[in-house]
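Trainee: The chain contents come next:
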Amino acid sequence: MSVLAANKPAYDGQTLDLTGKSGLRAFKNTLATVLIVLAFVVALIPLLWILITVISKGYHLLFTADWWSQSQRGVTVRRVGGGAYHAIMGTLIMSLITAVIAVPIAVLGAVYLVEYGKGTKTARAVSFMIDILTGVPSIVAALFIYAVWITVFGFNRVGFAVSLSLVLLMLPVVLRSTEEMLKLVPDELREASYALGVPKWKTILKVVVPTAFGGIITGVMLGLARVMGETAPLLILVGYSKNINLNPFDGFMGALPTMINQDRTELALQPAADRVWAAALTLILLVLALNLLARLIARFSTIKSK
Amino acid sequence: MSSPDGTAPPDRPTGEAQEESQIEDLVVGEPDGPTPHFDDLAGEHAAATAHPEPKQTGPKLELGPVGHLGDRLFAGLARGSGGLVVAIVAFVGIFLLALAIPALAKDQSSFLFSRVWQPGGDKPQFGIAALFYTTVVSSIIAMLIAVPIAVGVALFITYYAPKRLASPVAHAVDLLAAVPSIIYGLWGILFFAPILRPVIDGIAAVLGWIPLFEKPTGDDVGVVFTASVVLAIMILPVVTAISREIFQQTPITHREGALALGATRWEMIRMAVLPYGRSGVVSASMLGLGRALGETVAVLIILSVPNGNDPWNSSIFAGGETFASKIANNAAEFDSPEKTGAYIAAGLVLFVVTFLVNSAARIIVASSAPGAKRPRRNRRAGASTATEGASA
Numbered sequence: 000m001s002v003l004a005a006n007k008p009a010y011d012g013q014t015l016d017l018t019g020k021s022g023l024r025a026f027k028n029t030l031a032t033v034l035i036v037l038a039f040v041v042a043l044i045p046l047l048w049i050l051i052t053v054i055s056k057g058y059h060l061l062f063t064a065d066w067w068s069q070s071q072r073g074v075t076v077r078r079v080g081g082g083a084y085h086a087i088m089g090t091l092i093m094s095l096i097t098a099v100i101a102v103p104i105a106v107l108g109a110v111y112l113v114e115y116g117k118g119t120k121t122a123r124a125v126s127f128m129i130d131i132l133t134g135v136p137s138i139v140a141a142l143f144i145y146a147v148w149i150t151v152f153g154f155n156r157v158g159f160a161v162s163l164s165l166v167l168l169m170l171p172v173v174l175r176s177t178e179e180m181l182k183l184v185p186d187e188l189r190e191a192s193y194a195l196g197v198p199k200w201k202t203i204l205k206v207v208v209p210t211a212f213g214g215i216i217t218g219v220m221l222g223l224a225r226v227m228g229e230t231a232p233l234l235i236l237v238g239y240s241k242n243i244n245l246n247p248f249d250g251f252m253g254a255l256p257t258m259i260n261q262d263r264t265e266l267a268l269q270p271a272a273d274r275v276w277a278a279a280l281t282l283i284l285l286v287l288a289l290n291l292l293a294r295l296i297a298r299f300s301t302i303k304s305k
Numbered sequence: 000m001s002s003p004d005g006t007a008p009p010d011r012p013t014g015e016a017q018e019e020s021q022i023e024d025l026v027v028g029e030p031d032g033p034t035p036h037f038d039d040l041a042g043e044h045a046a047a048t049a050h051p052e053p054k055q056t057g058p059k060l061e062l063g064p065v066g067h068l069g070d071r072l073f074a075g076l077a078r079g080s081g082g083l084v085v086a087i088v089a090f091v092g093i094f095l096l097a098l099a100i101p102a103l104a105k106d107q108s109s110f111l112f113s114r115v116w117q118p119g120g121d122k123p124q125f126g127i128a129a130l131f132y133t134t135v136v137s138s139i140i141a142m143l144i145a146v147p148i149a150v151g152v153a154l155f156i157t158y159y160a161p162k163r164l165a166s167p168v169a170h171a172v173d174l175l176a177a178v179p180s181i182i183y184g185l186w187g188i189l190f191f192a193p194i195l196r197p198v199i200d201g202i203a204a205v206l207g208w209i210p211l212f213e214k215p216t217g218d219d220v221g222v223v224f225t226a227s228v229v230l231a232i233m234i235l236p237v238v239t240a241i242s243r244e245i246f247q248q249t250p251i252t253h254r255e256g257a258l259a260l261g262a263t264r265w266e267m268i269r270m271a272v273l274p275y276g277r278s279g280v281v282s283a284s285m286l287g288l289g290r291a292l293g294e295t296v297a298v299l300i301i302l303s304v305p306n307g308n309d310p311w312n313s314s315i316f317a318g319g320e321t322f323a324s325k326i327a328n329n330a331a332e333f334d335s336p337e338k339t340g341a342y343i344a345a346g347l348v349l350f351v352v353t354f355l356v357n358s359a360a361r362i363i364v365a366s367s368a369p370g371a372k373r374p375r376r377n378r379r380a381g382a383s384t385a386t387e388g389a390s391a
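Chains as they are written, first to last, in numbering that gives the first Met the number 0: chain D, 0 to 305; chain U, 0 to 391.
With the rest of the complex left out, here is chain D:
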């Protein structure tokens, strides 16, 4: 106020012309607009560039039946043939195990934050730790599981160990999005349920969680999309196998990221390069499909709260 009052005399007369903008100000405004639009264009270039590169180099193998049904067993970098069945199955199996472990913990953790611990010191500590867990690099998560699984317990490098480390990465994603959704559930629903004499745990399971279900699924999809593309845990915790191995507790396992990694030094050879890009495209399609699905579900299942 004081600033306005002090400036008031200066505004009299000269600058009361509200329509005009001085040339410099108009120029700055235009410059800012141009820069901001430019920033947006610059941000989209890599996305389009990557998508176009991967699609154009990888699409033709995806239209062969072998790609979806064969493994790389006995196929060398110089030979055409084989498929990505082993890697796709490996990625799916490991992600699925991750989800089976992470989702219940994440949903229960979110229930704790929203329904039980709201406003308490413990809940704030938990919330802070979730933020920290979100920021834990995948390589650190992998090293941790390596320390526990292999160094301390003396187990072998297997697919399940990868799943365990992916749990650390998926957990915070699902937990946060579930928490968001639970917060959106109107209190009236809970109170109505309590008024009918339904115990709290049943209220949560039968009223709160079903209301937020769409949002929880969205979180799960996004979490899956995040862990599917992770490579670092695969490098440390399981070896790459060209054969089909569907047992996460025994032996090495193929996965799409490690399939790409395997042949990335042989890109000069056409058969290897084709497979690398086709595997990259398959991986991107998987992850993008999960992302789009998550957004679709989110769009059609928003909680209508006033």
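Accuracy of the hints is not assured; some may be wrong.
As the list claims (entries may be wrong) - DEER-style ranges, computed between Cβ atoms:
1) Pro-336(U) / Glu-187(D): 25 to 35 Å
2) Ile-139(U) / Leu-37(D): 20 to 30 Å
3) Pro-310(U) / Gly-118(D): 51 to 61 Å
Please keep in mind that the hints were generated in silico from the structure rather than gathered at the bench.
Just so you know, even glycine gets a beta-carbon here, dropped at the ideal spot from N, CA and C.
Chain D is fixed; fit chain U onto it per the hints.
Mentor: For chain U alone, coordinates are given in the frame of chain D:
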């Protein structure tokens, strides 16, 4: 234990709820018919109806939280899951530390200040100075590149793009986060690095007299700078998403006030939106920095590992190794506990660094979030609980 009885609404004060619970128990307990509960609860109900009188007065108040078995189980599970998250983070630190200590004890050189990395053998020597340098420098450059662009994109989405365009644009930027990092790495080294070559040459020609920008001989494109630019692209969606959210929360009164005073759109943004969102952008940048510090595979693919005989080069136009890429690159070397311990020690440092950066980001959000000081608080989610923590 906020609500002693499961049937009590969650937000009621404890004392009141205890009294209430007795009444509710009477009401709920008497008729056996309408209770839609499960078999395992039947026993409890029977007990409650059988001895209503003594249960009310005597032990119940002292027992504190008495509820349905299902309630106690479920509350326990939920609390356990919350506790598990805390335990996991603690265990990550503890396990890494426990396995790093024996290796560190045998380390013949200064762990923090040595640039040598020769774990294993009789006299293991390893230090993290070079790894730390490359990690931090590459991530900071990535942050410096990403933040202005991310702020621009966030402003575009919130205040420039036509309404109909804004949401698809936001999704497109989010899709950048969906591209797996190994694909960034491949694309970065094969397609992006060659076009960065002239940029590198240009910077080196002008600023080459500074050691940081000195260009070594050779045409290697797998340099720290290339990795930084790719990292910048990778952290762009994170920084954009958070900035966008903060900018959107600028009070409409601030914005319209500025416009009503005759401000241009840019002036409105500079005077109302940017000051309001500054702390949010700072914390978003820190989160982006945290991401960049820990990124593994893209950096692993892009950075060329310096030959062991070459002298160490501090230039960003030379190759190098970050914590993450060093660990991932040498996963095959995890054969003896000493060697593994050295890499785990490096991982521990990375964990501590990211922990500090992420905590700083959260604390900035909590202490100076728009919602913390200004009357209008629409902050969502995690920040809101953290905010309460700071103000309490």
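Trainee: Determine for every hint whether it applies to the structure shown.
Mentor: Consistency of the hints with the structure:
{"no.": "1", "hint": "Pro-336(U) / Glu-187(D): 25 to 35 Å", "result": "violated, 59 Å"}
{"no.": "2", "hint": "Ile-139(U) / Leu-37(D): 20 to 30 Å", "result": "holds, 23 Å"}
{"no.": "3", "hint": "Pro-310(U) / Gly-118(D): 51 to 61 Å", "result": "holds, 57 Å"}
In the structure shown, a violation is registered for the earlier hint numbered 1 alone.
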